[in-house]
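**Student:** Here's the letter readout for the chains.
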Amino acid sequence: MVPSAPDLSFRSGRNRNERIIGAILFLCAALSTLVTVGIVGVLLTQSFAFFRQVSVVEFLTSTQWTPLFQDKNFGILPLAAGSFLIAGGAAIIALPTGLLAAVYLSEYAAHRTRRILKPLLEILAGIPTVVYGYFALTFITPILRSIWPETDVFNAASGAIVVGVMIIPTVASLSEDALSAVPDTLRQGAYGLGATKLEVSTRVVIPGALSGILASFILAISRAIGETMAVTIAAGNLPNLTLNPMESIQTMTAYIVQASLGDTPQGSLAHQTLYAVGLTLFLITLSMNVVSQWILGRFREEYE
Amino acid sequence: MPTTHDIDTGGKAPALEARGVSVFYGETHAVKGIDLAVPANKVVALVGPSGCGKSTLLRCFNRMNDLVTAARIEGTVGFRGKNLYDDDVDPVEVRRRIGMVFQKPNPFPKSIYDNIAFGPRINGFDGDLDALVEQSLRQAALWDEVNNRLNDSAYALSGGQQQRLCIARTLAVKPEVVLMDEPASALDPIATQRIEELIYELKKNYTIVIVTHNMQQAARISDYTAFLYMGELVEYGPTDTIFTNPREERTEEYVTGRFG
Ligand SMILES: Nc1ncnc2c1ncn2[C@@H]1O[C@H](COP(=O)(O)OP(=O)(O)OP(=O)(O)O)[C@@H](O)[C@H]1O
Ligand SMILES: [Mg+2]
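Residue numbers (my numbering), protein chains in the order written: chain A, 1 to 304; chain B, 305 to 564.
Do not rely on the hints blindly, as some may be mistaken.
Just the calculated beta-carbon pair ranges, DEER-fashion [stated by the list, open to error]:
| hint | chain 1 | residue 1 | chain 2 | residue 2 | range |
| --- | --- | --- | --- | --- | --- |
| 1 | B | K386 | A | L210 | 33 to 43 Å |
| 2 | A | T185 | B | I494 | 17 to 27 Å |
| 3 | B | R376 | A | L210 | 53 to 63 Å |
| 4 | B | F429 | A | L100 | 42 to 52 Å |
| 5 | A | T185 | B | D394 | 15 to 25 Å |
Just so you know, these hints were derived from the structure itself, not from any lab. We put the CB at the ideal spot given by N, CA and C, even for glycine.
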């Protein structure tokens, strides 16, 4: 008996569905790319208009930021210092705490404890930032002011602390992922040489997860730089070139909010400052992301 | 079977002596009341079908089972007149004295040098570290292959070299006993042969307990062989006897490859 040739032709309905789905998926991907390109395009053109009137040198070196005043100055430094105070202070709080929390979760906590704590940590990351800002203003600031009475009502320290608390879950959760990814055989090897739990954690597991840990640090810091709501509420809106955390400051993000809500006319120089500051912010976070990608790729541990 | 552990240790005290050792993983009774004496400066092979409890028993000898939350251990393991499971015994110190080499090579993601130096460093070694690294690598027959690239990553080595590195790493803390869990099972025949030669060399200075699935290997390298089956020690004796004239039929069937 000769077997008849099997039917291998396209089944039209199924094939058409495949193509429609493919097209929809492509559109979604294309849309998000287009939006990104569009935003960057607007940032660039508007900033370009701004820099035709204000020199890049003045923008980067002038120590005053008073674009909405009669006597206009366009120095980004006060805003950059504000953002730096917040991000630096937040990093001092969040990086060690987050890493230690991650080590606890990954190396010390019992299985059950981790199963409860890890999701809890991730919920913490989902609290709206305005809540954190309110918490800073009504809880952290009074404490600071009772210890150092000369502290401003709006001050960088309060903002830095609350942003630090806010990004701890990011550090802890991502670092924990990296620590847990270190193969157990490495821990066993170290224990087999007479290592204690602390030695295993600090000398084998943390070095083994270093790239993931650094990437979590950078992501958390760029979140701190981009943070707006909590910072505006806690640290104020006073462009102030200072490194004193007890003073009121303004961050780049806070300025963008202030200027957007104000009545600067479209196309005016004051309005264009928005884009110049936005572009600066974008370049900072972009380069941090690039660095973090580079670290991940460069130092990726290959476990065999 | 009261006599299974009574082997002739030549009048010397055994290096390790398990008495009534049982291990439970939750409900699983993985090792069932095993008595086994490991003579000093000999190689003891643990053989038996998969899942019979070889690795579990091996891990009892340096308290690695402590790291398995589900594991519960009964019985005693004598080491230099001390029970390793006494309350005042620090398992970290036990593991320094009784080293372990694992089935898959598991070098740390560090340089060759730092892999060897890891153990001495955490144990507060304050002598000549370079000399110790060289000595350990020579003992593991790896020195000639790596002496000009000690700062390269250990991952740049072949599997067999990595395993010898792991052995060198274990030797660097100067243990008295080395436990090996199928140290050559992930290696090709030539690398396996090098490991076997190495074990033969090492027994001059160390006591070795080795788990293996390879009967020829057990016959070649061990002085004594213990056959485990379903968590029980079926038979234990000089390797010659176990392979040529075993007392138990199950032993004969296993070592001749008729089951398992
Ligand atoms: N961590 C663990 N948790 C629960 N059960 C375990 C664990 N480790 C081993 N067991 C069980 O204990 C028994 C003995 O396991 P063990 O690994 O000691 O066997 P083995 O003889 O080394 O086997 P193999 O030759 O396959 O390595 C098996 O039934 C296994 O399923
Ligand atoms: Mg095993």
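**Student:** If a hint holds in the structure, say so; if it doesn't, say that too.
**Tutor:** Status of the hints after comparison with the structure:
1. K386(B) to L210(A): 33 to 43 Å: 39 Å Cβ-Cβ, so the 33 to 43 Å window holds.
2. T185(A) to I494(B): 17 to 27 Å: holds, 24 Å
3. R376(B) to L210(A): 53 to 63 Å: violated, 36 Å
4. F429(B) to L100(A): 42 to 52 Å: violated, 28 Å
5. T185(A) to D394(B): 15 to 25 Å: holds, 23 Å
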